[in-house]
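Take a look at the letters that make up each chain.
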Amino acid sequence: MRALPVCLALFWGGMAWAHASEQSFVLLLPTDVYIAAGVASVVLTVLLLAVLPARAGEAVFSPTPLLRRPRWAVRHGTSLLATGVLAFAVWQGFAGPRTPMENPMPLLVWTVWWVALVSLQGLFGNHWRWTNPWTGVVAVLARWTGMRRLMRYPRGWGYWPAVALFVAFAAFLLCDPAPADPARLASVVGIYWYAVLFGVLLFGPAFLLRGEMVTVVMRAYGRMGLFARARGRLAVGLWGWQGVVRRAPPLALAVLMVFLLGTGSFDGLHETFWWLGVIGVNPLEFPGRSAVVMPNLIGLVVANLGLLAVFAACLWLGERIAGTGRSLRASVCLFAPSILPIALGYHVAHYLSAFLVEGQYVVLMLDDPLSSGAHLLGLDGFYVTTGFFNTQDTVRRIWLSQAGAVVVGHVVAILMAHALAMRDGADRRRAVLGQAPLAVFMVCYTFFGLWLLASPRG
Amino acid sequence: MTKLIKGTSRRGALKTLAGAAAGAASLPLWARYAQAQSSEPIKIGFQQHSTGIGAAYGRWYGRTTEAAVKLINEGGGINGRMVEIIAEDDGTDPKRGAEVVEKFANQHGCDVGFGTLFSHVVIGSAPRAGELKLPYFVVSEGHHVASGMLNRYTLQPGITDVKSQVQAMAPYVSENLGKKVTMIFPDFAFGHDHRDFFSAAIAEQGGEVLAQIAIPPSETSFTKYFPQIPRDTEVLYHVMVGPAVLTFVKELGEFFGDQGPEIFGFIDSLEAVDISSPGLEFLEGTYFWEGMPRYAQDDQSEHEKFYREAVGVDETGASVSDPSDVSTYAHMFGCWETLHVIKAGMEASGYAGPLDRAKLIEAVEAMGDMPESQAHPQGAKRFNGKTHQVFGHQHISRVENGRLVRVHTTSIEDTMYPDEVDYTTQPL
Chain A
1 MRALPVCLAL FWGGMAWAHA SEQSFVLLLP TDVYIAAGVA SVVLTVLLLA
51 VLPARAGEAV FSPTPLLRRP RWAVRHGTSL LATGVLAFAV WQGFAGPRTP
101 MENPMPLLVW TVWWVALVSL QGLFGNHWRW TNPWTGVVAV LARWTGMRRL
151 MRYPRGWGYW PAVALFVAFA AFLLCDPAPA DPARLASVVG IYWYAVLFGV
201 LLFGPAFLLR GEMVTVVMRA YGRMGLFARA RGRLAVGLWG WQGVVRRAPP
251 LALAVLMVFL LGTGSFDGLH ETFWWLGVIG VNPLEFPGRS AVVMPNLIGL
301 VVANLGLLAV FAACLWLGER IAGTGRSLRA SVCLFAPSIL PIALGYHVAH
351 YLSAFLVEGQ YVVLMLDDPL SSGAHLLGLD GFYVTTGFFN TQDTVRRIWL
401 SQAGAVVVGH VVAILMAHAL AMRDGADRRR AVLGQAPLAV FMVCYTFFGL
451 WLLASPRG
Chain B
1 MTKLIKGTSR RGALKTLAGA AAGAASLPLW ARYAQAQSSE PIKIGFQQHS
51 TGIGAAYGRW YGRTTEAAVK LINEGGGING RMVEIIAEDD GTDPKRGAEV
101 VEKFANQHGC DVGFGTLFSH VVIGSAPRAG ELKLPYFVVS EGHHVASGML
151 NRYTLQPGIT DVKSQVQAMA PYVSENLGKK VTMIFPDFAF GHDHRDFFSA
201 AIAEQGGEVL AQIAIPPSET SFTKYFPQIP RDTEVLYHVM VGPAVLTFVK
251 ELGEFFGDQG PEIFGFIDSL EAVDISSPGL EFLEGTYFWE GMPRYAQDDQ
301 SEHEKFYREA VGVDETGASV SDPSDVSTYA HMFGCWETLH VIKAGMEASG
351 YAGPLDRAKL IEAVEAMGDM PESQAHPQGA KRFNGKTHQV FGHQHISRVE
401 NGRLVRVHTT SIEDTMYPDE VDYTTQPL
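Same order as they appear, the protein sequences are chains A and B. Numbered according to full-length UniProt numbering, the first sequence spans residues 1 to 458. Numbered according to full-length UniProt numbering, the second sequence spans residues 1 to 428.
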């Protein structure tokens with residue numbers, strides 16, 4: 001075989017919708033101009049905050065109450081439904097079609113949950129209250145058996161189990177040779193679901209809220225959403241308003257927030273020609289994921305710890321400049337929520353192309369969930385297309401949407417960081433001064449994020 | 001009824017199975033018994049690059065495979081048995097490739113394995129297929145089958161190999177485009193194959209390669225290499241691949257403008273890319289090798305017309321449901337033809353189950369000429385049973401008004417070269 005054309009590998013969990021031409025067209029776009037514009041808008045935000053009235057930064061985050069929160073008592077019902085869907089997916093993972101594009105297991109976990117539901121959670125608000133697959137089962141078990149938790153969730157554990165589980169999840173996503181293999185994924189997900197249920201029965205709901213990685217990540221992203229409760233009402237505000245209003249997270253949760261960005265960044269980075277050059281792989285002859293497990297594991301760890309170090313260093317420097325007398329730990333906890341919009345922007349940008357293709361496979365799967373030849377949605381003769389990667393115009397639109405997500409994420413992050421500093425009692429001069437290193441970091445990160453989107457990938 | 005694999009193959013097969021079941025009910029009792037005896041489907045393990053760097057090809061290989069299996073099943077299957085495709089993703093990963101082959105043999109009970117494209121996956125998987133004695137039909141174009149590097153259970157009967165393709169270009173290039181050639185190629189095995197095979201072939205035609213410009217694989221800007229092209233170059237031979245290929249074409253156009261040498265390339269560079277894309281205007285008037293002409297030609301055979309319709313590809317080589325979704329047309333016919341070779345081989349050997357795998361290998365080895373037909377819409381082929389490699393016509397197309405217009409078809413003889421191995425001497 002002579003041809004290894006093009007094919008950028010948009011990995012999520014090993015599902016790469018490599019396509020010949022998207023990246024080729026991206027390389028023809030004037031991305032340097034776009035990158036400059038994106039970075040400039042983030043710089044402008046920083047400058048505006050320095051000159052605008054003191055409370056303007058905070059004001060953008062004040063929520064608008066909408067309506068009295070309806071008392072829907074359906075969350076256990078929808079949770080049971082989610083459990084049913086998950087059980088179906090696990091069953092199909094073992095018994096269904098063998099390719100990841102056709103099997104409901106990888107499609108539901110990677111495309112529907114990790115790409116779509118996580119994005120929706122961050123963009124709109126906490127739907128995990130209704131969609132998580134454990135609470136319904138726990139409620140039913142508690143009602144039938146009258147069972148109470150057997151032990152108290154150890155206080156000292158805090159959110160650290162969730163941090164550890166998230167790192168394991170990231171390693172599975174980015175470093176496992178075949179995370180989208182239906183049976184392999186079904187085993188992992190099935191065992192995880194069962195183990196978590198056991199944890200909840202043992203420790204009560206606290207385990208779900210603090211120890212279980214998915215729920216903790218979802219609730220963290222839920223803090224970014226437009227909609228949430230405020231004073232008994234459903235309210236809407238700019239992304240991140242909840243993060244400004246709420247108490248600062250404990251250290252472990254703050255670390256997890258930084259790791260969300262570190263992992264997302266490495267997810268983008270590990271496909272680039274640059275990274276493949278670092279690990280000595282010819283990008284046009286990629287030897288397969290099983291050949292790069294160790295380099296990617298090391299890269300993942302270094303990326304996360306490195307980001308944490310840089311983030312902490314910026315905050316430390318900011319404190320020294322502004323002299324607010326906050327401890328480093330308190331600073332990390334205070335400002336970590338401002339990392340989330342960046343992580344979310346990356347998440348949306350990174351998976352947008354993949355979603356455009358995988359979404360079609362999800363629709364096909366819904367058309368025929370049991371692989372029985374049915375056409376529940378009447379899609380007989382529907383062909384999945386990747387044609388939108390083949391024209392300059394559509395590729396430009398996709399790229400600008402991705403870049404937009406990255407830039408908006410950073411703008412919101414800067415606003416949030418400023419509002420958090422003000423809320424913490426700093427006067428404006430101190431807030432602006434203390435924020436300067438973090439702002440420089442975020443401007444640089446904007447450049448990095450846009451460079452990731454524009455750079456050639458193997 | 002066994003659960004069949006999703007995709008049009010499965011859907012088509014289900015409909016056909018329903019039809020076959022209805023048909024069986026009207027047969028006399030003894031025949032129904034015989035039908036039942038053989039009603040287990042023939043299982044073909046499809047090693048698909050669903051993910052990883054081969055996924056763009058994998059999708060079209062999948063679509064072609066589904067169409068071919070649907071046709072075979074509608075025609076009564078193989079030896080009266082329906083064909084079931086068991087598609088497994090190998091992640092375009094050699095290590096997983098070997099595991100997939102193992103699954104085909106030990107877990108899914110497949111009769112044969114089929115469909116692998118990328119060389120490194122073929123090279124990683126074939127040894128396991130040989131150990132398991134699982135007939136392994138690759139659709140890879142690699143020279144690794146005919147070079148003797150693999151084993152008796154690995155065959156490539158549906159697509160020609162890169163050595164024969166490159167070699168067959170030399171006569172046309174030297175007679176019509178020029179004898180002084182400069183080659184630009186990516187600096188790794190794929191580019192080196194082109195360099196070595198073409199340099200030898202053009203020398204045989206009395207031509208010469210003036211310069212060989214090897215481009216580092218991670219390069220994304222090419223203008224700095226163009227001054228290395230000797231001024232007396234008559235033909236520029238390029239085989240760039242990777243995400244920077246459109247940049248390469250654009251910069252080449254900016255460098256040469258309206259003047260410059262004739263330009264010849266392999267469509268692999270632009271497979272699945274719309275040739276009339278903005279930025280590719282410079283390609284007008286340049287030449288490409290094509291395994292099968294992407295655009296329907298004026299003299300398109302009825303077989304090719306049938307094949308296009310079955311796969312769902314329009315006359316520009318794009319998906320019928322989306323004109324911008326360009327297929328990997330120059331290569332994917334290999335899946336269609338390989339499946340028909342498997343069918344012919346199983347029928348010739350009276351294949352009834354895995355115990356007959358050796359007989360199947362011998363039956364395919366005994367195949368010689370394969371005439372152009374519905375089973376071989378790309379054209380006639382000649383299979384070499386000793387080297388396990390098929391040979392066939394190659395095409396050269398010229399870009400005219402943003403379309404690829406075929407200007408030359410090689411003979412099969414142009415593509416042949418002396419045997420480098422005799423697999424039939426290896427035990428079965």
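Quick caveat, the hints were computed from the structure, so don't treat them as lab data. There's no promise every hint is true.
To be verified - Here are the simulated SDA-like cross-link-like pairs (lysine to any residue), alpha carbons at most 25 Å apart as the crow flies:
#: 1; chain 1: B; residue 1: K43; chain 2: A; residue 2: G277
#: 2; chain 1: B; residue 1: K180; chain 2: B; residue 2: S324
#: 3; chain 1: B; residue 1: K305; chain 2: A; residue 2: G277
#: 4; chain 1: B; residue 1: K305; chain 2: B; residue 2: P323
#: 5; chain 1: B; residue 1: K95; chain 2: A; residue 2: G277
#: 6; chain 1: B; residue 1: K43; chain 2: A; residue 2: R184
- Hints violated by the structure (listed by number, smallest first): 1, 2, 3
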